[in-house]
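Given the coordinates of chain A, work out where chain B should sit on it, guided by the hints.
If you're matching them up, the sequences are chains A and B in order. With my numbering applied, the first sequence corresponds to residues 1 to 540, in that order. With my numbering applied, the second sequence corresponds to residues 1 to 342, in that order.
Simulated from the structure, these hints should not be mistaken for lab results. Worth double-checking, as some hints may not be accurate.
Claimed, not checked - Some chain A residues close to chain B (C-beta under 10 Å, calculated; not the full set): (1) A121; (2) E189; (3) F237; (4) L394; (5) G447; (6) E510; (7) T513.
We put the CB at the ideal spot given by N, CA and C, even for glycine.
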Amino acid sequence: MAGTSTPYSGLGKPGFLRVRRGGWLILATVIAALVLTPLILLFTNLAADGGSFDQLSNTQLPRYAINTLTLVAGVGLSTLFLGTSLALLTSLYRFPGAKFFRIALLLPLAFPAYIAAYVYAGIFEYSGPLHLIGRSFGNNDLYANILGMPGLIAVLSLVLYPYVFATTRVAIESRYTSYLESARSLGLERNALIRKVLLPLLRPAIAGGVFLVMMEVLNDYGAMKYFGIPTFTTGIFTAWFSMGDLGSAVRLAMYLFTIVAILGLVESWYNRRNKVSESHRSRPLEKRQLRGIKAFLATSYAGGIFFVAFLAPVAYLFYLLSMADSSHALAEWPKLAGSSLLCALGGAALVLLVVIITQFVRQLVKSKYGFWIGKSIAVGYTIPGAIIAIGVMLFSRLVDNTFNQGMIVAGSFLALLFAYAVRFAGVAYQPLHAESEKQSGRLFEAGQSVGLSAKNLLVKIFLPLSRKGILLATTLVVIDIFKELPLTLILRPFNFNTLATKAFEYADDEMITRAALPALSVVIVGLIPVLLLHRILRSR
Amino acid sequence: MRYLFIAFTLLLAACTSPSAPEQTTVQEVNVYSHRHYDIDQALFEQFTKETGIKVNVVNASADELLVRMQTEGENCPADLLITSDAGRLVRAADMNLLQASNSEIVNQTVAPYLRSVDNLWTALTVRARVLAYAPERVDTSLLRSYEDLANPIWKGKVLTRTSNNIYNQSLLASIIANDGDSMAIAWAAGVKANFARDPQGNDRDQVKAIAAGEGDIAIVNTYYVGKMLASDNAAEREAAESVKMLFPNQNNRGTHINISGAGVAKYAPNKDNALKLIEFLLRKDVQQQFADANYEYPVNKEAAASDLLKNMGAFTEDRLPLENLGELNARSVEIYNEVGWN
Chain A
1 MAGTSTPYSG LGKPGFLRVR RGGWLILATV IAALVLTPLI LLFTNLAADG GSFDQLSNTQ
61 LPRYAINTLT LVAGVGLSTL FLGTSLALLT SLYRFPGAKF FRIALLLPLA FPAYIAAYVY
121 AGIFEYSGPL HLIGRSFGNN DLYANILGMP GLIAVLSLVL YPYVFATTRV AIESRYTSYL
181 ESARSLGLER NALIRKVLLP LLRPAIAGGV FLVMMEVLND YGAMKYFGIP TFTTGIFTAW
241 FSMGDLGSAV RLAMYLFTIV AILGLVESWY NRRNKVSESH RSRPLEKRQL RGIKAFLATS
301 YAGGIFFVAF LAPVAYLFYL LSMADSSHAL AEWPKLAGSS LLCALGGAAL VLLVVIITQF
361 VRQLVKSKYG FWIGKSIAVG YTIPGAIIAI GVMLFSRLVD NTFNQGMIVA GSFLALLFAY
421 AVRFAGVAYQ PLHAESEKQS GRLFEAGQSV GLSAKNLLVK IFLPLSRKGI LLATTLVVID
481 IFKELPLTLI LRPFNFNTLA TKAFEYADDE MITRAALPAL SVVIVGLIPV LLLHRILRSR
Chain B
1 MRYLFIAFTL LLAACTSPSA PEQTTVQEVN VYSHRHYDID QALFEQFTKE TGIKVNVVNA
61 SADELLVRMQ TEGENCPADL LITSDAGRLV RAADMNLLQA SNSEIVNQTV APYLRSVDNL
121 WTALTVRARV LAYAPERVDT SLLRSYEDLA NPIWKGKVLT RTSNNIYNQS LLASIIANDG
181 DSMAIAWAAG VKANFARDPQ GNDRDQVKAI AAGEGDIAIV NTYYVGKMLA SDNAAEREAA
241 ESVKMLFPNQ NNRGTHINIS GAGVAKYAPN KDNALKLIEF LLRKDVQQQF ADANYEYPVN
301 KEAAASDLLK NMGAFTEDRL PLENLGELNA RSVEIYNEVG WN
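Chain A extracted, bound-state conformation (with noise of 0.2 Å):
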């Protein structure tokens, strides 16, 4: 009969994955609406404050916006060419090295940017290494004050054009090629499809990485103070740490998220009208060996950029380390070590468990609602750590008055966990969301139809499709973690110190040989989920 052939499921099952949507739906808006409390939170008590905007009148406030552009432009800017050029170079051609630099170029990214700031301003420094050696040369002159706006910028670009470079390869080297070949096929030379085919094709992954350095910037502290520059993200800091005037606090930074709300429409209204379809099936461009001169400019571009952006720095670290006592440091290191990969992999759980949660829901519901939501949690990653770190305690506090029991979550490892979260979910969410964007769904579809539960589509289709995602999502975070300073400066226990916070407060104390050991080891730990990053940009 007709009539048994209508699906059974048609009748009964979609008001019952209905509610079984709804539930996950409330899920994910609980995540969500966590993580988005504390700064909530913050800004209204900021708000309430009220207070005087006198003091930031028109002396500070243009000197910080200028500032505050020029470096976000000018490391923009530099990032750019760095990361593509590099890029191009080592995908697209082949040079002695080449293979090598593939790797070694994105070794910088295990540099936190504040120890950068004074190991670059270390070596260059009258008394420092490159001085010593000029004099033994009889030149006494060999040495120069990087401290400044075009120091700082060259620091910060040397720490941070690897976004670009990751970025820009995986495109050259996973996709799009179809379009390059149906262009070869009309005729055109490779330098011209490289010209005019390629570097469009590669607009939206290249503005992707840029918009991440340009946060990135927006984000550092303690390079800003140490080189003495200005700009809102240290406004902020002295009008409210300094000066207690809350009101000029919340104004520099709504100005400061102004700037990143701009920066991020630009973006993605950007790579909305650039965006292609990729294709799977078609081959990578082959590369072209380079020989003579050419070859040797590659390498000795590639070779020079690797040398200045970390062999030079971490030399210097290994010359401080060699003058240093370290015995003290040495005890102390297993212990700061596992501190470190403490907050690093329990922090990258806690920022999984968040935007898995909201991606998979985002697929279950499709509607714009779930789009929102797991878009939501991604805001924190644009508001300076300090500030988070406040609203995370305000909201410890709300939790622990709520329940009455004094002081449980604040000041407890937990609410450092739970600080990560909402300041690195952000990071997480793209990976996660462009994979999720590539399952076309079709599959989802097909399993929601022979009425698979939200909790099978979960475990069998959504998370081993997006398992290439979450790997690179957990060493993105873990790598960020390792570095971060001042939410782990501000909200950790206890007798708790990890290698960055270490490394930190000797550097601060001015004492920079004592730093040598917890920096390096930041770096040298650091490298092994970047050496990770590596592997898993190889295999897409």
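Only chain B this time, still in chain A's reference frame:
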């Protein structure tokens, strides 16, 4: 599923491992400290050995610790707040984060201008803000006071860090207190006009800039020069040895000083232990180590300053009550902003 499982396991492990200080009958004292020197840790351990009281520490910058104490409110576990300047202690008192504690030992050991009138906080060590200069390029007969730094003859010669720095803020506060507001504005503008370069770097960088010939006179704290003279780095020692130190205003009010200090937290759960720790840190033998390791001056006059500091010479210190510095701190930031001293 495997990943989710791993994630959950890690999370669980992470949450259970490092626990907050246990709320049992164990004697303890909880310290929020801006000072994160190795010597502090060593002395805390000695305190524990002598008294059986465990010392728990959170280090962060004083500004952030104050916000943390304020946010934690009545639940705040801190017993003792230790900062490395008077300004933050005064602000903590203003924010109602400290409580009075009367101790005979503190009263007898610490000079009145080095502690709060209301017994809210006390100094533990003293550091002086002095002038380092290039002996072959500076005629010191023209450089006797902070006020002299504003003299146009030093145009292009003066080096200093940014006005973000609390020691620069309290120096200006002392000038407001001693010379008056309008003189202080003129001073800040005058010094700014004499800058050899935009303010940047830390105190050590200013000394190196003199050695490098970028400028001739730097405003620095004594203990940074002490640390440079004892540095692991030979080149840094050499730079520090090439400059000389000058204690300003010896003919009138004395050289501006600041302190490391401590106050008992308002909601301290272990108030008695906090006081014990303060008294311990003021004891003669402890003061000796406390001050020595960091090239600071002891507040306990029975303890001697380190040889290195003694070599810099004795000096008269400005006895302006440190309380006044804290009160004028906000005004000094305003003035720096007004004259455009970064």
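Mind listing which of the numbered hints don't hold for this structure, in increasing order?
2, 5
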